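Participant: Residues per chain are reported as follows:
Protein chains: 2
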Amino acid sequence: MSAPLLTVSRRIRRTPYTERVEAAGASAYTVYNRMLLATVFDSLEVDAAHLKRYVQVWDVSCQRQVEVSGPDARHLLQLCTPRDLSRLDYGQCRYAPLVGRDGGMLNDPVLLQVGPEQYWVSIADSDIPLWMRGLAEGRGLAATVEETDIFPLAVQGPKAPALMARVFGEAVHDIRFFRYEWFEFNGRPLVVARSGYSKQDGFEIYVKGEDLCLPLWDRLMEAGQDLEVRAGGPNLIERIEGGLLSYGNDMTRANTPYECGAGAACKLDTDPPCLAARALQAEAEHGPKRQIRGLRIDGPPVPNCRSPWPMAAGGAYGGIVTSAVWSTVAGTNVAIGMVERDFTASGTRLTVEAPDGVRDVTVCDLPHVR
Amino acid sequence: MSAPLLTVSRRIRRTPYTERVEAAGASAYTVYNRMLLATVFDSLEVDAAHLKRYVQVWDVSCQRQVEVSGPDARHLLQLCTPRDLSRLDYGQCRYAPLVGRDGGMLNDPVLLQVGPEQYWVSIADSDIPLWMRGLAEGRGLAATVEETDIFPLAVQGPKAPALMARVFGEAVHDIRFFRYEWFEFNGRPLVVARSGYSKQDGFEIYVKGEDLCLPLWDRLMEAGQDLEVRAGGPNLIERIEGGLLSYGNDMTRANTPYECGAGAACKLDTDPPCLAARALQAEAEHGPKRQIRGLRIDGPPVPNCRSPWPMAAGGAYGGIVTSAVWSTVAGTNVAIGMVERDFTASGTRLTVEAPDGVRDVTVCDLPHVR
Numbered sequence: 001m002s003a004p005l006l007t008v009s010r011r012i013r014r015t016p017y018t019e020r021v022e023a024a025g026a027s028a029y030t031v032y033n034r035m036l037l038a039t040v041f042d043s044l045e046v047d048a049a050h051l052k053r054y055v056q057v058w059d060v061s062c063q064r065q066v067e068v069s070g071p072d073a074r075h076l077l078q079l080c081t082p083r084d085l086s087r088l089d090y091g092q093c094r095y096a097p098l099v100g101r102d103g104g105m106l107n108d109p110v111l112l113q114v115g116p117e118q119y120w121v122s123i124a125d126s127d128i129p130l131w132m133r134g135l136a137e138g139r140g141l142a143a144t145v146e147e148t149d150i151f152p153l154a155v156q157g158p159k160a161p162a163l164m165a166r167v168f169g170e171a172v173h174d175i176r177f178f179r180y181e182w183f184e185f186n187g188r189p190l191v192v193a194r195s196g197y198s199k200q201d202g203f204e205i206y207v208k209g210e211d212l213c214l215p216l217w218d219r220l221m222e223a224g225q226d227l228e229v230r231a232g233g234p235n236l237i238e239r240i241e242g243g244l245l246s247y248g249n250d251m252t253r254a255n256t257p258y259e260c261g262a263g264a265a266c267k268l269d270t271d272p273p274c275l276a277a278r279a280l281q282a283e284a285e286h287g288p289k290r291q292i293r294g295l296r297i298d299g300p301p302v303p304n305c306r307s308p309w310p311m312a313a314g315g316a317y318g319g320i321v322t323s324a325v326w327s328t329v330a331g332t333n334v335a336i337g338m339v340e341r342d343f344t345a346s347g348t349r350l351t352v353e354a355p356d357g358v359r360d361v362t363v364c365d366l367p368h369v370r
Numbered sequence: 001m002s003a004p005l006l007t008v009s010r011r012i013r014r015t016p017y018t019e020r021v022e023a024a025g026a027s028a029y030t031v032y033n034r035m036l037l038a039t040v041f042d043s044l045e046v047d048a049a050h051l052k053r054y055v056q057v058w059d060v061s062c063q064r065q066v067e068v069s070g071p072d073a074r075h076l077l078q079l080c081t082p083r084d085l086s087r088l089d090y091g092q093c094r095y096a097p098l099v100g101r102d103g104g105m106l107n108d109p110v111l112l113q114v115g116p117e118q119y120w121v122s123i124a125d126s127d128i129p130l131w132m133r134g135l136a137e138g139r140g141l142a143a144t145v146e147e148t149d150i151f152p153l154a155v156q157g158p159k160a161p162a163l164m165a166r167v168f169g170e171a172v173h174d175i176r177f178f179r180y181e182w183f184e185f186n187g188r189p190l191v192v193a194r195s196g197y198s199k200q201d202g203f204e205i206y207v208k209g210e211d212l213c214l215p216l217w218d219r220l221m222e223a224g225q226d227l228e229v230r231a232g233g234p235n236l237i238e239r240i241e242g243g244l245l246s247y248g249n250d251m252t253r254a255n256t257p258y259e260c261g262a263g264a265a266c267k268l269d270t271d272p273p274c275l276a277a278r279a280l281q282a283e284a285e286h287g288p289k290r291q292i293r294g295l296r297i298d299g300p301p302v303p304n305c306r307s308p309w310p311m312a313a314g315g316a317y318g319g320i321v322t323s324a325v326w327s328t329v330a331g332t333n334v335a336i337g338m339v340e341r342d343f344t345a346s347g348t349r350l351t352v353e354a355p356d357g358v359r360d361v362t363v364c365d366l367p368h369v370r
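Note that the protein sequences, when read in sequence, are chains F and S. Letter by letter, the first sequence follows residues 1 to 370 in my numbering. Letter by letter, the second sequence follows residues 1 to 370 in my numbering.
Hints in this document: simulated from the structure, not taken from any laboratory. Computed from a predicted model, the values in this text were never measured in an experiment. Fair warning: there could be bad hints in the mix.
Stated by the list, open to error - Derived pair list, reagent style DSS-like, types lysine-lysine, alpha-carbon separation capped at 30 Å:
hint	chain 1	residue 1	chain 2	residue 2
1	S	K289	F	K208
2	F	K289	F	K267
3	S	K199	S	K267
4	S	K289	S	K267
5	S	K208	F	K289
6	S	K208	S	K52
Based on the provided sequences and hints, a complete structural model is requested.
Facilitator: Quick look at the structure:
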């Protein structure tokens, strides 16, 4: 199966930026939260090399912004996550695995508190608002959960600070990693965070109001001409090299935060406790049964990883490869996988059933490339 | 924007049938419940003509089967829908709009009761299990909501009964519309319903167990050779001609069941009452503010409808066109739209802002073609 054509309809939404993304030559898309997300412009390799050297503007509207507000907003969020939210404060971005009662990951958003009883949840690919609404409804909590008219833009790459300073002023340099500040564009306030789905430096702009979207896109492109700015998107090579996980690819509802390497950030005695506190207790004490690890796969460039590839260690089941790609920088295939407990040590050798045959695999730490 | 390429990864799942669908020459797909759904094989026109004359086998695994079970299963479902489930019995398929407290449509599945405390929900494109789980969790209901390993196949077209009889026996002829019966294949029980997302005759087979999928697909293809059986999928032309609605396209969470033409099937004093009973009361008494209607759009074949096209009636807002396509059979563009109350009468003339210019529109009943 080569890449098939995608039929677009209202059900799979365009974003306020889609016309610019098209004009910039996006050649492939994925569907994320029922919205278009460009995956390739020139080629994965050319896009990755550009991202690491210059600056790119990404339409990440598909990180749907969900606003949770009301007197019980924090209570509701704390029920959903083993991250301790008691000290979450204005100006912070917090990665928070969201789980059901069984401890399985339902989403892994970044949370921002933006008002006294007001939170923005920058969601991964699942209709997590439905879970939160159902829970709030069932418990009679005074909290509303609504999708907002925020359409985030990511500005990523080593030249991102220079570009952002031209548009928002020198103060952007002072935003620390995973913090945000309020700035202005065209007289309107918007949140700028030092964050993004790449391991290059960068920002995410929470653009509120559809009418601001194209003016800001155009302003960034214009201001960055001599910085070689171009349109881009999350890049498969750069994200695997950097060890960035993808919900739905590297982990699913079948996995716990401990399996996903977020155990150190979990606290099971929050107030209120996360719904999964009891289910996760054993893992908190004894560690998870499997864990996300880096993998290097021998041989020539691997084909696309469209469904998990099973791994073996001698006769035993070793886990699955969930994301894989050739890395020119690493000079080998770099991958991410869910590895069974006995085989997680760096240097462990496994085999994987790739679509084109059995290959040798070595377990390693993430990121693959620093 | 011509049809872009789709990047496939684990997050956008292949189905147990995908390899056969590919081999049959699917040329475009959409993503439905994060699964691949083929939309075009030869061309929409050729596919539609074949569907109306012969028989097609469709991979509709993306109608994820959700099993709701436990002592409170029916109670949970009744909270979610204004359809009266009190008389739902074995052997029936029931279309049930699922709504939140505000009355907005969250999904519009078909429900089957298959055991004393066991229901299958054949879902449209939203993570409705998250809503049901959150609600059950919050209310402390004894009901579990789980995705099953059922991968439905639709067998659609006028030759469908003949083909199904060859594989399952003559008894398939006795299944009435929107009823189901248990049959056997390879010694395993499976549900066969007289239903499907076309206006041709047809069946949906609830194939339980991934290992049964390819054997059944192959058996149907083999048994139907002289009936001109081929692979297919829901066809945009046939479904608009037939007036079949698509959740996410023709209606969203912003619409109520009354707006979607399901008002006659709603009952607001069920036991327990649907969560939206109060919110829907005014519409039950006075009718909805807007309604789904058929539309005929003048002029040459319309471009693809990728986002709603606004309609006007003189200076007033008239509603939106949500799905549109050229119909050779009707000799005009047939469409579905959400029309504001004042303009819903058949024969009302409106104008629409299509991407290629303003066109004249006439309101009409559905289906467009009988």
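Participant: Now tell me, hint by hint, if it's right for this structure.
Facilitator: Cross-check of the supplied hints:
Taken as a hint, the K289/S and K208/F pair is honoured in the structure, with Cα atoms around 29 Å apart against an allowance of 30 Å. For the proposed pair K289/F and K267/F, the alpha carbon gap of about 19 Å is at most 30 Å, so the pair holds. A hinted pair counts as satisfied when its Cα atoms are at most 30 Å apart, and K199/S with K267/S qualifies at roughly 27 Å. For the suggested pair K289/S and K267/S, the alpha carbons sit about 19 Å apart, so the restraint of at most 30 Å is met.
The suggested pairing of K208/S with K289/F holds, with an alpha-carbon distance near 29 Å, which does not exceed 30 Å. A C-alpha spacing of about 28 Å is found between K208/S and K52/S, which places the hinted pair at or below 30 Å, so the restraint holds.
Taken one by one, the earlier hints all hold for this structure without exception.
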